[in-house]
Every structure is written in structure tokens, then in C-alpha cells.
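S.K.: Position chain P relative to chain V; hints supplied.
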Amino acid sequence: SQKIEQNSEALNIQEGKTATLTCNYTNYSPAYLQWYRQDPGRGPVFLLLIRENEKEKRKERLKVTFDTTLKQSLFHITASQPADSATYLCALDDGNNRKLIWGLGTSLAVNP
Amino acid sequence: DAGVIQSPRHEVTEMGQEVTLRCKPISGHDYLFWYRQTMMRGLELLIYFNNNVPIDDSGMPEDRFSAKMPNASFSTLKIQPSEPRDSAVYFCASSSGTGVNQPQHFGDGTRLSIL
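Each protein sequence line maps, in turn, to chains V and P.
According to the numbering used here, the first sequence is numbered sequentially starting from 211.
According to the numbering used here, the second sequence is numbered sequentially starting from 231.
Among the clues, some could well be false.
[Said to hold, decoys possible] Which residues of chain P face chain V? A few of them, derived with a C-beta cut under 8 Å, are:
no.	residue
1	Gly272
2	Leu275
3	Leu276
4	Tyr278
5	Val283
6	Pro284
7	Asp287
8	Pro314
9	Ala318
10	Phe321
11	Thr328
12	Asn331
13	Pro333
14	Phe336
15	Asp338
16	Ser343
Hints were generated in silico from the structure; no laboratory data involved.
By construction, the Cβ of each residue, glycine as well, lies at the ideal position given by its N, Cα and C atoms.
Same shape as in the complex, but just chain V:
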């Protein structure tokens, strides 16, 4: 079955730097991969969706890449700000395009 691996260790970076988060999967390449942000005590909030035939997607300071050869998606936040501190979750389709499978998330802390 599909497994998703995100860095379990928290990522600490300095304000203004680029944060790069990793999402690796082990089995089939998903048709869709999504990234969400979750703040403490809140539900996940959708950020970006990338399709298998797309190499890269951007939205303001956010960029997602999708490498089906490496079985990996990278999530970048450029010019990071303390307000970007949160847990970031990746999710991908189950292979039947019926539901999402979720990673455990990576905690990001941006220090002023």
C-alpha cells in the first residue's frame, strides 16, 4: 500500500530564508498531490494542488514541485515570515481517485 513520508523533525529557519519541505511516497505515482497548512487547534487549510503531468506550481511565495521519478514533492516558501510557522501536510490520491491519503506533516518554525 502507499506510504507517505514527511520529515518528522521540526524545521527551524530564519525569517527571510526559503523553507523547503519534503513529501516522499513509496508506491504508485499519484495523479494528484495536495499541500495543506494546519495551525494548532485548527483544521487543515488547502494551499496548492499539483497534477502528475505538472512539474511545478506556484502561488505567491509558495512553490510546489512534483518529481515522479524520485517519487517526491517539494514544497517551498520563499521569503519566509514568522506567520508561516505551522504544520504542513501533504496528501495524495489513493490510486483510484476516490480519496486522499495523508502524511503526518512537518512542523515549520520561522524565527524572527
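M.R.: Relative to the frame of chain V, chain P by itself:
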């Protein structure tokens, strides 16, 4: 725009009691999802509905869990009887489309503690 609304936000009850969690999805969304989140297992899909009909309940842990969607604007997740291992945060989400190729919109969850 009102988002997904869940109630209660917190629930503390003793084992053996019945627990009912409630969800109002975003108007116009035709898919509704119930998730459970724990530190160890992350977000797990319990059940999802399409146009009020349950499509996949393979994630429901056992018969103690049941979910209903009597109309397009309301869903419940019930646990009876509750056990301490059911303690988790339960999220409801809705989407326009399957939620695989469309964003899912989450409520802020119900934090459930079973003593």
C-alpha cells in the same frame, strides 16, 4: 462565506457514554468527509458521502462508529459506546467534487476526550 462548521469544539465524557459529533458542510458542496487525527496515525479518513449517500466507510474502526447525512446541510458521527482509545480530534471536511482533484475544506474539529 461560512466555512465548515463543527460542534461541539470540545467534548469530555466517560467511557461507555454515547458521543455525537455534528457537521454542517459548505453550501453547494456535494462531498462530505469525516476524519480522525492523532499524533501517531495522522489524519485518517473514516467515511465519506456523496450527495448524502455513504460511499466508503472502510475507515470506520468498528461497529461502535456510525455516521449519517440526512440532508445536504447536516451530518453526524456517533460513537456508542465510547472508549478511551477513541480520544482524538475529529474533523469534518467538504468539497465540490471528489476532493482528490479539488481542495477539501475542513472545519476546526472536535477534540474528544474519553475518560
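S.K.: If a hint holds in the structure, say so; if it doesn't, say that too.
M.R.: Status of each hint after checking the structure:
Below 8 Å, beta-carbon pairs count as interface contacts, and P:Gly272 has one with chain V at about 4 Å; its hint therefore holds. Nearest Cβ of chain V to the Cβ of P:Leu275: about 6 Å, under the 8 Å cut. The hint holds. Because the closest C-beta pair between P:Leu276 and chain V is about 11 Å apart, greater than 8 Å, the hint is violated. A hinted interface residue such as P:Tyr278 counts as satisfied when its beta carbon comes closer than 8 Å to some beta carbon of chain V; here the least separation is about 7 Å, so the hint holds.
For P:Val283, the shortest C-beta to C-beta distance to chain V is roughly 14 Å, which exceeds 8 Å, and the interface hint is violated. The restraint placing P:Pro284 at the interface with chain V is violated, with a minimum CB-CB distance near 13 Å, outside the 8 Å limit. Checking P:Asp287 against chain V: minimum C-beta separation of about 12 Å lies over 8 Å; hint violated. Because the smallest distance between the Cβ of P:Pro314 and any Cβ of chain V comes to about 22 Å, over 8 Å, the interface hint for this residue is violated.
Interface hint status for P:Ala318: violated, as the beta-carbon distance to the closest one in chain V is roughly 14 Å, over 8 Å. With its C-beta approaching chain V no nearer than about 5 Å, P:Phe321 sits inside the 8 Å limit, and its interface hint holds. Proximity of P:Thr328 to chain V holds as hinted, the smallest CB-CB distance being about 6 Å (cut-off 8 Å). The criterion of a C-beta within 8 Å of any C-beta in chain V is met by P:Asn331, whose closest approach is roughly 5 Å, and the hint holds.
The beta carbon of P:Pro333 is positioned within 8 Å of a beta carbon in chain V (closest approach about 4 Å), and the interface hint is therefore held. The interface hint given for P:Phe336 is met, as the beta carbon of that residue sits about 3 Å from the closest beta carbon of chain V, less than 8 Å. A least Cβ separation of about 5 Å between P:Asp338 and chain V falls short of the 8 Å threshold, and the interface hint therefore holds. Residue-level restraint check for P:Ser343 is violated (minimum Cβ-Cβ distance to chain V is 14 Å; threshold 8 Å).
Hint compliance for this structure: hints 3, 5, 6, 7, 8, 9, 16 are not met, and every other hint is.
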